[in-house]
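Chemist: Protein chains in written order, with our numbering: chain P, 1 to 140; chain R, 1 to 140; chain F, 1 to 140; chain U, 1 to 140.
Just so you know, these hints were derived from the structure itself, not from any lab. Computed from a predicted structure; not experimentally measured. Backbone N, C-alpha and C define an ideal beta-carbon position, used for all residues, glycine too. One or more of the hints may lead you astray.
Stated by the list, open to error - Here are some of the chain F residues that sit facing chain U, going by a computed Cβ distance under 8 Å:
| hint | residue |
| --- | --- |
| 1 | G21 |
| 2 | N25 |
| 3 | P26 |
| 4 | E30 |
| 5 | D33 |
| 6 | L38 |
| 7 | L62 |
| 8 | D64 |
| 9 | A65 |
| 10 | A67 |
| 11 | N68 |
| 12 | K74 |
Stated by the list, open to error - Some chain R residues flagged as far from chain U (calculated, every beta-carbon gap over 12 Å):
| hint | residue |
| --- | --- |
| 13 | R7 |
| 14 | A20 |
| 15 | D33 |
| 16 | S35 |
There are 4 protein chains.
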Amino acid sequence: MTTFTLRRQLTIEWGHCDPAGIVFNPRFFEFFDASSWLLFEAALSVKAQDLATTFDIVGIALVDARANFLKPVKFGDAVEIASRVSEFRRSSFDVEHRLSVNGAPAVEGSESRVWAVRDPGDPDKIKTAPIPAEVIARFT
Amino acid sequence: MTTFTLRRQLTIEWGHCDPAGIVFNPRFFEFFDASSWLLFEAALSVKAQDLATTFDIVGIALVDARANFLKPVKFGDAVEIASRVSEFRRSSFDVEHRLSVNGAPAVEGSESRVWAVRDPGDPDKIKTAPIPAEVIARFT
Amino acid sequence: MTTFTLRRQLTIEWGHCDPAGIVFNPRFFEFFDASSWLLFEAALSVKAQDLATTFDIVGIALVDARANFLKPVKFGDAVEIASRVSEFRRSSFDVEHRLSVNGAPAVEGSESRVWAVRDPGDPDKIKTAPIPAEVIARFT
Amino acid sequence: MTTFTLRRQLTIEWGHCDPAGIVFNPRFFEFFDASSWLLFEAALSVKAQDLATTFDIVGIALVDARANFLKPVKFGDAVEIASRVSEFRRSSFDVEHRLSVNGAPAVEGSESRVWAVRDPGDPDKIKTAPIPAEVIARFT
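All chains should be modelled from the sequences, with the hints used to inform the complete structure.
Modeler: Right, here's the structure in full:
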């Protein structure tokens, strides 16, 4: 469990919500995806749009995403999302996202991602690569 | 495991895809949500927009959603999504979604949902209720 | 032309962009819709989610939306959106949105909206109503 | 005004709709964008994902989009979208989209797009180019 945490605030928009007046679930996955980019940007001090070229990767590709909806989030709610890497493995890692409203947990998200590089033998293909130690070090 | 399966085909649009040219992950959760509505519509022979009034429920509320991304899905890909209820419990159930491209599995999704009704004691609140046996019967 | 202007900043996310690496056009209409809500919230000092009950309206319903794309907006771009009501009429009004990147205009949006109330004779219907003078006064 | 028309049907999903129970306006711009791709695919008999390489273009880039909302479109509505090129100019063209519910016009959309190619002098730049006569001929 790493300690570097990215916190951000946002207010739920009209267009985030469905006819029940609560956030349509795919929007949470948008929020979490953006938070993962911001987490790496902040930890590595590299702009999100420069991560690929700086580290010679294709990206931090998502292989699994999950969310647990604890309570409804509504139009106008001020939410906070706290995100951190819960585990680094050799070439993959997990990110956990905790979304709360007024301090009360509302949605828990988790993602598994891989450090993805272009296959030197076939530039059309992508493969995983070991995450550099200096990258991991920035999260603790 | 129920046997009633809803299959539908769709073609990946330009706007579904991200700068890597593959489907942005929240879109899959949109696809799966729509498939769950269509599954109930087909199994119960009730229009999606009439499910709530027909069964006197608020809806089939999502409590957990998950997706596993096996291979990238790209602009123009013709995909098939096969969805069915993998388990009915007293007042909740699981839906599994299998998205394939040219017959090859690409994304596996799963949702947990509850049969949600308005709390008779407080109409602003929602609670779970037992799923009617005749509803469950329509899926087998 | 009213003078009250709502300015907000946001950073373009990965998920806002299409395979060309630029913002997928419907996202701009999302941005503008959210800005219109925020504009009214700020001018009237009423939370967006309370506008309907405070003014006894159904909402500020959109009847026309337009955007002119002057230059591409890319992943990671820091944008500013400046929004104001360009004209109030008896029961409708226009909002103009100017989105810029580093001070250079990139997208110009405009919306026509109506002050929408429930029809007293048929609560399922919506009709337009005169915009209260005290509402208009808050924008100048 | 060209005569080649692309018609498609779709059913409004729960996730397309906002707390008022009607389609959130940016969704219509998604629908229209997809229809424009399908219109070119059908007229030119080239898969949407192959248009760029087949015609050596970057794409059919959007410079202006507009929609006029005539009546609300709701969850479960079966809509038809009819799209055609209303005018071809030297290097740009207009597409008009007519969305109807049960035959009644509900939303009218229009787009202006340009035939966009890579600048031979600077591959990072994009410029417009004359639309080939054989492309235009396929729409009449």
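Chemist: Next, verify each hint and record whether it holds.
Modeler: Right, here's what the structure says about each hint:
no.	hint	in the structure
1	G21	violated (11 Å)
2	N25	holds (5 Å)
3	P26	holds (4 Å)
4	E30	holds (5 Å)
5	D33	holds (6 Å)
6	L38	violated (16 Å)
7	L62	holds (5 Å)
8	D64	holds (5 Å)
9	A65	holds (5 Å)
10	A67	holds (5 Å)
11	N68	holds (5 Å)
12	K74	violated (12 Å)
13	R7	holds (16 Å)
14	A20	holds (14 Å)
15	D33	violated (6 Å)
16	S35	violated (10 Å)
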